[in-house]
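Fit chain B to the given chain A structure using the hints.
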Amino acid sequence: MKALDFDWKPLLLAPVLAAVALPLTGSFSTWLTLTVAGLAMGMIIFIIASGLTLVFGLMDVLNFGHGVFIALGAFVASSVLGLMGDWTGSQELWRNLVAVFPAMLVAMAVAGAVGLAFERFIVRPVYGQHLKQILITMGGMIIGEELIKVIWGPAQVPLPLPEALRGSLLIGDAAISKYRLLAVAVGVLVFGLLAWTLGRTKIGLLIRAGVQDREMVESLGYRIGRLFVGVFVVGSALAGLGGVMWGLFQQNLVPQMGAQVNVLIFIVIIIGGLGSTGGALIGALLVGLMTNYIGFLLPTLTQFASILLMVAVLLWRPQGVYPVANR
Amino acid sequence: MFLKRLLSNDMPRSRLLALLLVALFIALAFAPFIFPGVKALSVAAKILVFVVLVASFDLLLGYTGIVSFAHTMFFGIGAYGIAISASRLGPNWGAMLLGLGAALAISLVLSFAIGLFSLRVRAIFFAMITLAVASAFQTLASQLSDFTGGEDGLTFKLPELISPSFEFSEEPFLGVSLDGRLLCYYLLFVVAVVLLLALLRIVNSPFGRVLQAIRENEFRAEAIGYRVVVYRTTAAVLSALFATLAGAMLAIWLRYNGPDTSLSFEIMIDVLLIVVIGGMGTMYGAAIGAVLFVLAQSYLQDLLRVGSEAASGLPWLAALLSPDRWLLWLGVLFVLSVYYFPTGIVGKLRARAAR
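As they're listed, the protein sequences go chains A and B.
Everything in the first sequence is counted per this note's numbering, starting at 1 for the first residue and increasing by one.
Everything in the second sequence is counted per this note's numbering, starting at 1001 for the first residue and increasing by one.
The set of hints was computed from the structure by calculation and includes no laboratory data.
Among these hints, one or two may not hold up.
[Stated by the list, open to error] Using 35 angstroms as the maximum straight-line C-alpha spacing, the simulated DSBU-like pairs for lysine-lysine come out as follows:
#1 K149/A x K178/A
#2 K1004/B x K132/A
#3 K1348/B x K132/A
#4 K202/A x K9/A
#5 K9/A x K178/A
#6 K1039/B x K149/A
#7 K1348/B x K1004/B
#8 K1348/B x K1039/B
#9 K132/A x K149/A
#10 K149/A x K1157/B
#11 K1157/B x K1039/B
#12 K132/A x K202/A
None of the values given here were measured: they were computed from a predicted structure.
Extracted from the complex, chain A is given alone in its bound form (with noise of 0.2 angstroms):
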């Protein structure tokens, strides 16, 4: 895509978002608590949703089990953090951060192989029926989450947040969790690989013209099934990354989570645009803000605002603010 026809207005939502609130919230210091805690969900929801966004995009594939992989990281996260607790009671940062990373690596590690046997068994027959997809992939959900149930027990289960990244850091008024700087580090890292992967590596060229013309390329000697093999566990391993996130912003775990985040990640990925990885990340901005203030202001409009927002989206731009071109 060249410079000069880049569609920039989808860039503007947010940023006119946050300005249209500033009013509304009444001083500076909570608009910014809520703004960036608005980014913070919002980078969260886009680690999970980029994952869905690119499996769909690339392969053509509905994955409506996608919240299984969600679940399943954040069960394997509390399982590991729960062997570390001297690591994650510890007060320094860094022993925290040494604690959790091993975790997100575990939980992707476990959601990304758990996502090749779903490939394989659930996904791989129903290539190109999309009817089929949505209903293979829910019954592979149904039994992700009871096998999630058998393995972890069918209560809550408690995810606390290790110790030094409790708290909040004031700057002025305005009260930031800790928490949610880290988050926003990680998907700010998570859509920068993502970006770089696709656009600047030879791999995501490979994948990019897979997706273009699927016989040429492997005419010219490259095993695209494999390749997209491999896009579909990367996908379930950032499913399970987000998981990791998103419970640890819980802080408590339930089997039904995944099917309970997968309505915000739908909504949001429909807002990008099917498949778009930018799309993606401007729509998880948007809910993420419109969460927050929308919980401010009118609480019990929080469950409809995404979808009063979704709604307005496709009004606007009914393939979503980044169609892809070629589906």
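Frame of chain A, contents of chain B only:
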């Protein structure tokens, strides 16, 4: 000849299927006398409700090819219609009719709006949007607690004639006490049969044929000259209205309604499972699937309990076979049936008969 007319010329086309359907009809028609006991009658009533609900969903998914996750929303509207009017206006027939009418009107407007909105977006978007709308509606129902009873739901009374306390004969007939509960069951039975026949009539009419054409190839249907938009919206509205009636049936039987009873996402998943296992695109599939599923839901747990106790030596196997994990096995069955029985039980039976 009469039967052919009654079934709108959509014969079972398989001897085994015909036998199953006749057995099913007889079992449901005489359920209070054949299967004594409170649980058995409740299971039979639940089957009646689900047959209508699933058949109405099949009109959308199986015949028109629209994947919607908002179907339980209309089911819930029907149930709340009866529940709210009966608990506000008292136990009389006028209140019930008013509640039902209001519920149908709300469903009509909502499904029309969703249907029209969906025209702007692609099919996959529609599935996701309906999921979001349904979850918002569920939240709304539990938040408006003054109106809907919130999470606790509403318990209400219905007219004397169909409540368990009413006995119209001192003498039990064939060992079954003749009370309002029996009348209520037969009310549901008649309504379910009428609604299923009406749905059969709809899908076998010229209108139904157009729906199937749209499912097979939307572009061609439009090219032949059918306004796909109009047909799709009509199918969505009709399907919503039938689901509303099924919801009203549920509320009348339970004399209770709450978010988990009629609106929960689990019910939506159940409906999806039933349609696929029974066979998409056949009303008979909805009926057979609903019976199998409700029976499994009600009795598979007992079976699993036996298995779990037998496997108590192996803890992980016992955990897999625990009665609470019955949905796991249903999920496995579901995935396998999408793999191996893409046309469901009815499709399989018909294919066998055609060979």
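Worksheet item: If you draw a straight line from the CA of K9/A to the CA of K178/A, is it 35 angstroms or shorter?
Response: holds (32 angstroms)
Worksheet item: Taking only the CA atoms, is the gap from K149/A to K1157/B under or equal to 35 angstroms?
Response: With a Cα-Cα distance of about 38 angstroms, the restraint between K149/A and K1157/B is violated, given a limit of 35 angstroms.
Worksheet item: Quick one, are K149/A and K178/A close enough, alpha carbons at most 35 angstroms?
Response: Cα-Cα ~31 angstroms, so holds.
Discussion item. Holds or violated: K1348/B and K1039/B, Cα atoms, limit 35 angstroms.
Written reply: holds (32 angstroms)
Worksheet item: Under the criterion that the straight-line Cα-Cα distance not exceed 35 angstroms, is the pair K132/A, K149/A satisfied?
Response: Holds - the C-alpha atoms of K149/A and K132/A are around 26 angstroms apart, at most 35 angstroms.
Worksheet item: Taken at face value, is the distance from the CA of K132/A to the CA of K1004/B at most 35 angstroms?
Response: Holds, at roughly 33 angstroms.
Practice prompt. Please work out if K132/A and K202/A have their alpha carbons no farther apart than 35 angstroms.
Written response: holds (33 angstroms)
Practice prompt. Quickly compare the C-alpha distance for K1039/B and K149/A to 35 angstroms and report which way the hint goes.
Written response: holds (28 angstroms)
Item to complete: For the pair we were handed, K1157/B and K1039/B, check the Cα-Cα distance against 35 angstroms.
Response: holds (21 angstroms)
Worksheet item: Under the criterion that the straight-line Cα-Cα distance not exceed 35 angstroms, is the pair K1348/B, K132/A satisfied?
Response: holds (17 angstroms)
Worksheet item: Is K202/A within 35 angstroms of K9/A, Cα to Cα?
Response: holds (30 angstroms)
Practice prompt. Quickly compare the C-alpha distance for K1348/B and K1004/B to 35 angstroms and report which way the hint goes.
Written response: Holds. K1348/B to K1004/B sits at ~22 angstroms (cutoff 35 angstroms).
Checked against the numbered hints given earlier, the structure breaks only hint 10 and satisfies all the rest.
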